[in-house]
Amino acid sequence: MENPYLPYPVRIDEVITETEDKNLKTFKFVFINPGDEEKFSYRPGQFAELSIAGKGEIPIGIASSPTEKGFVKFTVNKVGLVSTYLHNMRPGNVMGIRGPLGNWYPWEEMEGKNVVIVGGGFAFTTLRSSIVYMLHPENRPKFKDIKVVYGARTPGMLLYKDELKEWEQRDDIEMHITVDGTNDPDWKYNVGYVPPITEQKITSAENAIAIVCGPPIVIKMMQPVLAKLNFPPERIILSLEKRMKCGIGICGRCNLGDQYVCKDGPVFSMAQLKELPPE
Amino acid sequence: MTDKILSKDQVAAFIDSLKKEYQVFAPTEENGKIIWAEANSADGLLWEFSNTTMSPKDFFFPQSECMARFKNDPKAEGGMIMHPEPELERSRVLMNIRPCDAKAFQLLDRIFIQDEVTNDVYWRDKRDKAILVGLACNNPCPTCFCTSVGCGPHHEAGLDILLVDLGDSLLVKPISDKGKALIDDLPDAKKVDKDKAAQLKKTSEASITSGVTMDNVNKRTVLELFDLPYWDRVSESCLNCGTCTFCCPTCHCFDIQDEVKGTDGRRVRNWDTCMSWLFTVHGTGHNPRPTKKERVRQRFMHKFKYIPEKREGEIGCVGCGRCVQLCPVNIDVREVVNQMNA
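Top line first, the protein sequences correspond to chains S and R.
44 is the number that numbering that gives the first Met the number 0 gives to position 45 of the first sequence; each next residue is one higher, with no gaps.
46 is the number that numbering that gives the first Met the number 0 gives to position 47 of the second sequence; each next residue is one higher, with no gaps.
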């Protein structure tokens with residue numbers, strides 16, 4: 000019988016500062032015990048509790064893809080006690096990962112469909128996982144057109160800049176990168192908020208599923224845009240965030256009505272959310 | 000399974016026989032309060048009491064419980080890696096537990112143990128190592144409303160054995176196989192004993208006159224109930240003190256905290272309360288339940304709508320009435336539910 004509260008011990012392998020304000024870092028972890036990587040079998044959209052002995056745990060979306068072997072990656076914003084401590088940790092340090100937790104994007108349902116990915120700010124982590132997963136040669140044939148709209152405040156605030164460049168050059172994914180504003184004369188992508196750029200670049204909801212992640216304002220402003228494109232609520236997929244502790248649907252704080260975001264979510268369709276209290 | 004009879008002067012011998020294998024606990028009186036304590040003999044056992052002030056949930060879900068330990072030294076071999084606490088060494092008998100409390104634990108079993116992932120090993124270990132010997136209520140309190148929430152003063156759900164106080168003796172009803180094994184040696188009850196117990200059950204049930212009505216609560220959607228204007232009114236007087244969640248046998252929310260002292264470190268879970276602002280606040284400062292209105296609503300909606308929605312209609316309340324007795328501003332759960340139903 001596995002103890003769901005016991006984290007797998009991991010070692011920090013690499014720390015990458017992602018953004019110009021240095022508040023977002025990506026941590027690459029390797030499992031210390033052989034066999035744990037296999038037990039930590041996940042799907043894009045799931046999250047895990049990053050567990051630092053003596054400090055506590057934080058629920059963070061998994062940024063790596065299950066098609067990437069030998070490590071797991073998480074991008075963490077520096078906010079509270081645990082994330083601030085984590086930002087000061089270095090390669091070689093030992094901590095824990097508890098999970099994978101929650102549900103995932105509706106991969107079975109997405110097969111054979113066009114996929115529209117919309118991300119704002121630093122809520123691009125499980126979307127990175129999803130893109131890497133879909134672009135894997137084994138998986139790419141399962142999906143039709145893949146279109147991505149991703150925006151941040153400035154060019155320096157975009158995550159995964161090298162990968163964005165690489166995806167830009169591929170012909171099996173259509174990238175629309177945007178920033179709210181920039182002084183950079185060499186900026187060759189879009190300038191504008193994510194919702195209006197989506198309205199310009201995405202022209203059809205036909206046979207498509209939209210996955211939207213971002214701060215509350217982006218989620219809110221995306222609704223009229225997606226409605227205008229004729230996305231039905233069942234085909235708009237969102238990922239939610241809440242304060243969490245147990246991560247397994249017991250401890251009582253992350254619920255929206257009878258649904259626990261940690262266990263029944265974090266992925267919900269807009270149709271599901273319409274039936275739930277707006278907490 | 001055959002009902003047995005245990006004369007009260009044999010209770011001491013019965014406890015002695017249990018003690019060979021189990022640690023035995025029972026309600027007793029201390030400083031004017033009814034508390035749970037280890038029962039080494041029949042002395043101090045109570046036969047006429049309403050219920051313990053606090054629910055016995057602490058036996059399975061301690062108010063503060065160490066989950067894992069670690070060596071708080073990053074440089075030490077194996078440092079900063081969590082190791083789980085050992086399991087409970089000795090099985091326990093909770094004697095004279097009230098049927099409402101036993102029913103509460105049966106409900107909590109469904110929450111702490113749901114599937115392969117949601118499998119609370121700490122709860123499970125203590126539940127597996129416990130025998131619940133219930134004592135039927137012959138004189139329910141005015142605050143009891145168990146009969147309207149799917150429970151009752153002689154209810155058997157969640158118990159291994161039910162005792163019914165017949166005066167000089169106890170009718171002993173085996174409910175589970177575990178319970179039956181403990182009482183096989185007792186003499187069979189006579190028809191007159193069984194008739195008396197049945198009569199007591201009837202009288203006791205009839206004496207519970209207050210209750211909640213749930214028909215409209217069941218019919219209404221989550222959103223309809225969530226948007227009731229009544230929440231503004233009921234939350235006005237609430238202090239968010241958390242007494243209701245503290246004494247409640249089905250309240251099970253918890254927090255997880257790490258503690259260190261020198262090189263000793265441990266991860267602890269503590270009872271938490273949905274009445275607290277901190278309970279839901281995000282790292283960013285955003286709080287989905289920012290005022291006491293949202294928090295009061297959460298508590299009643301959780302018990303009377305969210306849990307039934309998820310668990311085939313099972314209500315998250317057993318009608319023990321503790322919160323009614325202890326609320327410092329007299330918020331009465333029966334009144335709240337009847338308003339939700341109005």
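Accuracy of the hints is not assured; some may be wrong.
Claimed, not checked - Just the calculated beta-carbon pair ranges, DEER-fashion:
1. R:Tyr229 to S:Gly91: 52 to 60 Å
2. S:Pro214 to R:Asp231: 28 to 36 Å
3. R:Asp231 to S:Glu274: 19 to 27 Å
Hints in this document: simulated from the structure, not taken from any laboratory.
Cβ coordinates follow ideal geometry from the N, Cα and C atoms, glycine included.
(request) Please write out, lowest number first, the hints stated earlier that are contradicted by the structure. (result) none
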